[in-house]
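Colleague: Chain by chain, the residues:
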Amino acid sequence: DAKTTQPPSMDCAEGRAANLPCNHSTISGNEYVYWYRQIHSQGPQYIIHGLKNNETNEMASLIITEDRKSSTLILPHATLRDTAVYYCIVRGSNTGNQFYFGTGTSLTVIP
Amino acid sequence: NAGVMQNPRHLVRRRGQEARLRCSPMKGHSHVYWYRQLPEEGLKFMVYLQKENIIDESGMPKERFSAEFPKEGPSILRIQQVVRGDSAAYFCASSPVGQGGTGELFFGEGSRLTVL
Numbered sequence: 009d010a011k012t013t014q015p016p017s018m019d020c021a022e023g024r025a026a027n028l029p030c031n032h033s034t035i036s037g038n039e040y041v042y043w044y045r046q047i048h049s050q051g052p053q054y055i056i057h058g059l060k061n062n063e064t065n066e067m068a069s070l071i072i073t074e075d076r077k078s079s080t081l082i083l084p085h086a087t088l089r090d091t092a093v094y095y096c097i098v099r100g101s102n103t104g105n106q107f108y109f110g111t112g113t114s115l116t117v118i119p
Numbered sequence: 050n051a052g053v054m055q056n057p058r059h060l061v062r063r064r065g066q067e068a069r070l071r072c073s074p075m076k077g078h079s080h081v082y083w084y085r086q087l088p089e090e091g092l093k094f095m096v097y098l099q100k101e102n103i104i105d106e107s108g109m110p111k112e113r114f115s116a117e118f119p120k121e122g123p124s125i126l127r128i129q130q131v132v133r134g135d136s137a138a139y140f141c142a143s144s145p146v147g148q149g150g151t152g153e154l155f156f157g158e159g160s161r162l163t164v165l
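Heads up: the protein sequence lines correspond to chains H and F, in order. Note that the first sequence ends on residue 119 in the numbering used here; no numbers are left out. Note that the second sequence ends on residue 165 in the numbering used here; no numbers are left out.
Quick caveat, the hints were computed from the structure, so don't treat them as lab data. Incorrect hints may appear among the rest.
What the hints assert, rightly or not - Computed spacing ranges between beta-carbons, pair by pair:
#1 Q50(H) <-> I103(F): 22 to 32 Å
#2 T111(H) <-> S136(F): 16 to 26 Å
#3 A21(H) <-> G65(F): 45 to 55 Å
#4 G52(F) <-> P16(H): 26 to 36 Å
Computed from a prediction, not measured in an experiment: that's the story for all the values here. Backbone N, C-alpha and C fix where the C-beta goes; we use that ideal spot for every residue, glycine too.
Take the sequences, apply the hints, and build the full model.
Modeller: Written as structure tokens, this is what we have:
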């Protein structure tokens, strides 16, 4: 599985959009980009995933660059409850591929 | 539809004792994954199981750790002769499809093991 690089921490003002970047320059053609978050010490929560097209759901939007070497998770209107560690994971759809979590980005939403 | 259930939520053991952690996947899910999270670190994959089969145990320590997912009942992660370094949060996740799919994992709230 491709490795990902994320900034260790970010701050965002409450009500503003939070844009969390992720680099995955060695991603291969069949690998998807997944985002999870972990609030305090709870179990990780799935947010969104995509292959090459931009994706949007009720939680967030995922923007993947055309060359697929990087992506951005967007929380459109961050709230205090969005304070969490956000993990960007690249995973193939073939048998034998696992979800490998890195150290993620610790997002703090500031009132 | 109940989520992934893990128990106990907190477990305290003395060095040398055994720890058993249980995980009941979501209804309809037959794929279970165990992860370990040491304090202030990210989640580390340990093992992936289907009913009655271990599919991938590449992240499992070679000694003292074992996992099973019987035909009936929850998946169990067993740690024998625990040491202080085993103190961690152990998370279980389940999915309705296996590694060949693109579906997401659903995580439980974790079991926190403290070894005295």
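Colleague: Next, verify each hint and record whether it holds.
Modeller: These are the hints, each one checked on the structure:
About 27 Å separates the C-beta atoms of Q50(H) and I103(F), a value consistent with the hinted range of 22 to 32 Å. In this structure the hint that T111(H) and S136(F) lie 16 to 26 Å apart at CB holds, the actual value being about 19 Å. Checked against the hint of 45 to 55 Å, the C-beta distance between A21(H) and G65(F) comes to roughly 51 Å, which is consistent with it. Against the hinted window of 26 to 36 Å, the Cβ-Cβ separation of G52(F) and P16(H) comes to about 29 Å, which satisfies the hint.
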